[in-house]
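Chains as they are written, first to last, in our numbering: chain A, 1 to 270; chain B, 1 to 329; chain C, 1 to 323.
Incorrect hints may appear among the rest.
To be verified - Restricting the straight-line Cα-Cα distance to at most 30 Å, the calculated cross-link-like pairs of lysine-lysine (DSBU-like) are:
hint: 1; chain 1: B; residue 1: 18; chain 2: C; residue 2: 125
hint: 2; chain 1: C; residue 1: 51; chain 2: B; residue 2: 18
hint: 3; chain 1: B; residue 1: 59; chain 2: C; residue 2: 125
hint: 4; chain 1: C; residue 1: 278; chain 2: A; residue 2: 230
hint: 5; chain 1: B; residue 1: 82; chain 2: C; residue 2: 210
hint: 6; chain 1: C; residue 1: 51; chain 2: B; residue 2: 66
hint: 7; chain 1: B; residue 1: 66; chain 2: C; residue 2: 125
hint: 8; chain 1: C; residue 1: 181; chain 2: A; residue 2: 230
hint: 9; chain 1: B; residue 1: 174; chain 2: C; residue 2: 210
Stated by the list, open to error - In silico contact screen, one side only, chain B against chain C (beta carbon under 7 Å); selected entries:
hint: 10; residue: 22
hint: 11; residue: 88
hint: 12; residue: 101
hint: 13; residue: 118
It is worth saying that the hints were derived from the structure and are not from the lab. Bear in mind the structure is a predicted one, so any value in this text is a computation, not a measurement. Ideal placement from N, C-alpha and C gives every residue a C-beta, glycine not left out.
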Amino acid sequence: MKFKSRFSFSGFLILLILGICLAAPILSPYDPNAIGVADSFSGPTGKHWFGADDLGRDLLSRILYGGRITILIAMSATLIALIIGTLWGLTAGVRRGWVDEFLMRTADATMAIPQILFALVCISAVGASVISLPIVVGILLSPTTARMARSAVVTELSSDYVVAAIASGTKRSRLIISEVMPNIAPQLLVQLSINAAAAVMLEATLSFIGLGIQPPNASWGTLMLQGYAKIWNTYWFVFFPAMAVTITILAFNAYGERIRVTMDSRRSSI
Amino acid sequence: MKNALIVNNLTLSVPSSKGRVTVVDDVSFDIPAGTKVGLVGESGSGKSLTAYSLMRLIKDPVRIDKGEIYIGDREILGMSMKEFRHMRGNDISMIYQDPMSALNPIMRIGAQIIESIQLHSDVNHSQARKLAIEHLASVGIPEPDRRIDSYPFEMSGGMLQRVVIAIALSGEPKVLIADEATTALDVTTQDRVLTLIDKLAAERGLSVLLITHDLGVAAQFSDEIMVMYAGKLVERGSVNQIFSNPVHPYTKALLDSRCDYTIDVTKPINSIAGQPPRPDNRPEGCVFSPRCEHVQLQCREGVPPLISVQDRLAACFRADELFHVGMVH
Amino acid sequence: MGKFLIRRATSSLIVLAMSVVMVFMSIRILPGDPVLAKLGAATEVTPAALKALREEAGLNRPLLVQLFSWISRALHGDLGVSYFSQFPVTRLVAERIPVTLELTFFIIVIAVVLSLILAPLSTLKPGSIVDRVIGYFTSTGLSVPGFVIGIIFILIFSLQLQWLPSRGYVPMSEGVAENLKLMILPSITGGLTATPYLVRYLRASMLEIKQSPFVRTAEGKGLSSARILFRHILPNSLVPTLTMLGLIVGYTLSGVVVIEYMFGLPGIGSLAIESSFKRDYVVIQGVALTIISFFILTTFLFDVLCGIVDPRLRLSKEQKSEV
Numbered sequence: 001m002k003f004k005s006r007f008s009f010s011g012f013l014i015l016l017i018l019g020i021c022l023a024a025p026i027l028s029p030y031d032p033n034a035i036g037v038a039d040s041f042s043g044p045t046g047k048h049w050f051g052a053d054d055l056g057r058d059l060l061s062r063i064l065y066g067g068r069i070t071i072l073i074a075m076s077a078t079l080i081a082l083i084i085g086t087l088w089g090l091t092a093g094v095r096r097g098w099v100d101e102f103l104m105r106t107a108d109a110t111m112a113i114p115q116i117l118f119a120l121v122c123i124s125a126v127g128a129s130v131i132s133l134p135i136v137v138g139i140l141l142s143p144t145t146a147r148m149a150r151s152a153v154v155t156e157l158s159s160d161y162v163v164a165a166i167a168s169g170t171k172r173s174r175l176i177i178s179e180v181m182p183n184i185a186p187q188l189l190v191q192l193s194i195n196a197a198a199a200v201m202l203e204a205t206l207s208f209i210g211l212g213i214q215p216p217n218a219s220w221g222t223l224m225l226q227g228y229a230k231i232w233n234t235y236w237f238v239f240f241p242a243m244a245v246t247i248t249i250l251a252f253n254a255y256g257e258r259i260r261v262t263m264d265s266r267r268s269s270i
Numbered sequence: 001m002k003n004a005l006i007v008n009n010l011t012l013s014v015p016s017s018k019g020r021v022t023v024v025d026d027v028s029f030d031i032p033a034g035t036k037v038g039l040v041g042e043s044g045s046g047k048s049l050t051a052y053s054l055m056r057l058i059k060d061p062v063r064i065d066k067g068e069i070y071i072g073d074r075e076i077l078g079m080s081m082k083e084f085r086h087m088r089g090n091d092i093s094m095i096y097q098d099p100m101s102a103l104n105p106i107m108r109i110g111a112q113i114i115e116s117i118q119l120h121s122d123v124n125h126s127q128a129r130k131l132a133i134e135h136l137a138s139v140g141i142p143e144p145d146r147r148i149d150s151y152p153f154e155m156s157g158g159m160l161q162r163v164v165i166a167i168a169l170s171g172e173p174k175v176l177i178a179d180e181a182t183t184a185l186d187v188t189t190q191d192r193v194l195t196l197i198d199k200l201a202a203e204r205g206l207s208v209l210l211i212t213h214d215l216g217v218a219a220q221f222s223d224e225i226m227v228m229y230a231g232k233l234v235e236r237g238s239v240n241q242i243f244s245n246p247v248h249p250y251t252k253a254l255l256d257s258r259c260d261y262t263i264d265v266t267k268p269i270n271s272i273a274g275q276p277p278r279p280d281n282r283p284e285g286c287v288f289s290p291r292c293e294h295v296q297l298q299c300r301e302g303v304p305p306l307i308s309v310q311d312r313l314a315a316c317f318r319a320d321e322l323f324h325v326g327m328v329h
Numbered sequence: 001m002g003k004f005l006i007r008r009a010t011s012s013l014i015v016l017a018m019s020v021v022m023v024f025m026s027i028r029i030l031p032g033d034p035v036l037a038k039l040g041a042a043t044e045v046t047p048a049a050l051k052a053l054r055e056e057a058g059l060n061r062p063l064l065v066q067l068f069s070w071i072s073r074a075l076h077g078d079l080g081v082s083y084f085s086q087f088p089v090t091r092l093v094a095e096r097i098p099v100t101l102e103l104t105f106f107i108i109v110i111a112v113v114l115s116l117i118l119a120p121l122s123t124l125k126p127g128s129i130v131d132r133v134i135g136y137f138t139s140t141g142l143s144v145p146g147f148v149i150g151i152i153f154i155l156i157f158s159l160q161l162q163w164l165p166s167r168g169y170v171p172m173s174e175g176v177a178e179n180l181k182l183m184i185l186p187s188i189t190g191g192l193t194a195t196p197y198l199v200r201y202l203r204a205s206m207l208e209i210k211q212s213p214f215v216r217t218a219e220g221k222g223l224s225s226a227r228i229l230f231r232h233i234l235p236n237s238l239v240p241t242l243t244m245l246g247l248i249v250g251y252t253l254s255g256v257v258v259i260e261y262m263f264g265l266p267g268i269g270s271l272a273i274e275s276s277f278k279r280d281y282v283v284i285q286g287v288a289l290t291i292i293s294f295f296i297l298t299t300f301l302f303d304v305l306c307g308i309v310d311p312r313l314r315l316s317k318e319q320k321s322e323v
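So that you can see chain A by itself, here it is in the shape it has in the complex (with noise of 0.2 Å):
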């Protein structure tokens, strides 16, 4: 049996980003957030690598801190999504009859409103900040992570070995922990890849229409807003910033599919 190579682009390309965004103190030449150190709208140059923004700060030191901000946020959503998403689906899946039945009700519902206006509702309420925005964003991840849970713990529980285990006595309880829950993380790891690229694209979205985190901090999404408002003075005010959202949310996707072909094709290879 051939494996592929353990080295992942994908993968690397996330630690790599996940250091820059780390080292961003140290690695920004400039103070992120004062302004005229170089001329306004200055296009890119030996000293200011990413040019400049409307008031001369640099858009490198910028988008290095932006980073910072729109991957705590997405991490965090992450994390939480998971959380909850796992014990929605868990419950849903462990417990089935009604309380399945309700709870994947509440998971269509949830997923039936748009997300932006949702986000649009809880954000306008209590206000942009690093606490919100990560909640709002892991809310709305949450339902497809249970029915991805829930769907993995039934087929789990209805597979030969647990109903042999069940069969022979062994607690329900003792069963998940040990047996069933080993068994779907891998594909819950996929989902947190997944997730995370959601993540980043609605962190993005949310501060692009005025939703992000306030000034002078800027995430990702913040930089593009302000880039795009002056879209017809300079072109990579905005360009920047979306190349940095674009090759994040690529790396996690790709990661994600690389996790879930090599999970299929160990599967199929048994």
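With chain A held as given, fit chains B and C onto it using these hints.
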């Protein structure tokens, strides 16, 4: 007698971890016009792949490596797909294993027959519909003028297999292949469908190749029987020859392993020891040698050719000898 | 068909009811006082005046009572009055909805047409260069946010080439050509966002159908590959894809909010965003209700369409659980 179908040295392979391995190995046979031949073998013996080759329905990753197939006097493996497409249905047709999935679930059965009729003859839609009703009537579907507007899910398995037969015969082919055509049906329906194919074949003078894993079905239906094992044709003879006096040890073992409750319930079933070899692990010499009770040194060293023995064909070095001994244990 | 329709309609109504309750509750539970927002931070308010205003708005009654009175009024077409402009929400939504519907319609048409071209093309020869290029296009497309696509189009077609305008709206009644010209970029942006989902789904579904025994039967008849594709494979793949399309319309409605905003189209999406800056909850709530109803109505319609395409759904009296 003229042959309706000739297969020469057909060889098929599939990819495996050890490179491409042969699944149908140098198979040659012919079907004289108007004869019904049964091709019997276990699953994995390559009998269905042989059948699909005749329709050129072999799909990646299976590949035809070698061989010639003549339908009438035209070689089909060498011609373009576009050219061969016109022979499908017209010269050669097939009945498939599971009638429930062999029909398009969201298309009325009438439309599925009409589609085939219009392909093969230049008739307008209402004429084709009339013909379709006639075809349905000829395969024994009651109220064909009403049934023609049914969807597959509204009909039983036996009725659906009749529809599949009607489609297969709508182009008036000369050769009909039935691939496990009755396997998915229950026993009484099996019998009726077999009788129907038999009747239609006689009326139209069809040459039929019946693929089955069930020796009983093959015996009931065919004039001649071919036995396939691990990609090789091992014996061919009349029903009588195969049943009363098989010469190949595999055929013999296959007959012994049938559980025939009608004869003697207490009689033990003799199963063949061991498993058929996987395609990537075929033995040297005769493919049956590892499981054969009459195995000798020469069987492990050389591949026995399919040659005429006692008025029939067999691929066994000791066929003649075993025929005379009668293979008594 | 009757039973099938009733079952689908009931489950749609349940989902609708639940999401409406969720929208209503989230607005009431969350902190932030709509009355204060209405008065504005600068105004000095006495507690008595505040109380009076709350009573006037009915905000002092129990939540459940508020919910039921809101729903019953909504059923009569009364979505309340904007705190800010004092216009009835129904009127605000009605004024703006044609823009949103037009945009959504174009987006869906573009996505469907592109998918019906790309998916069959890629299944023609799985693994070929064409298939791989389409594969890269879809997986990249799934990762690029809609507004980034929009930005790229504006950069190319408005800024660089100066072919198309990037902002504004002209109603159809005032000029069809002008209207369409302004709709091109937003529609393509939305269309390209939705296409990858549809292509990916339709492709997978077609490849699966391609393996079915009945496709082999069709080949055995001697049909041409084109006929097999269009008469046998595609119709059968459409059944699951239609359900998916219903969901995609939902995502599109969400995406439309952003697209309207970035291209300056005065639809209900922009209305919701503008209202959120003013904390005009009644309006947001009305827009949410409208969009959710549209979403659920379309998924229902696509289910019905499924029933028309698939006789098994339409005709069987007892639902069989075969897939």
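Fill in: Numbers of the earlier hints that this structure fails to satisfy, in rising order
The structure breaks hints 2, 6, 10, 13; every other hint is satisfied.
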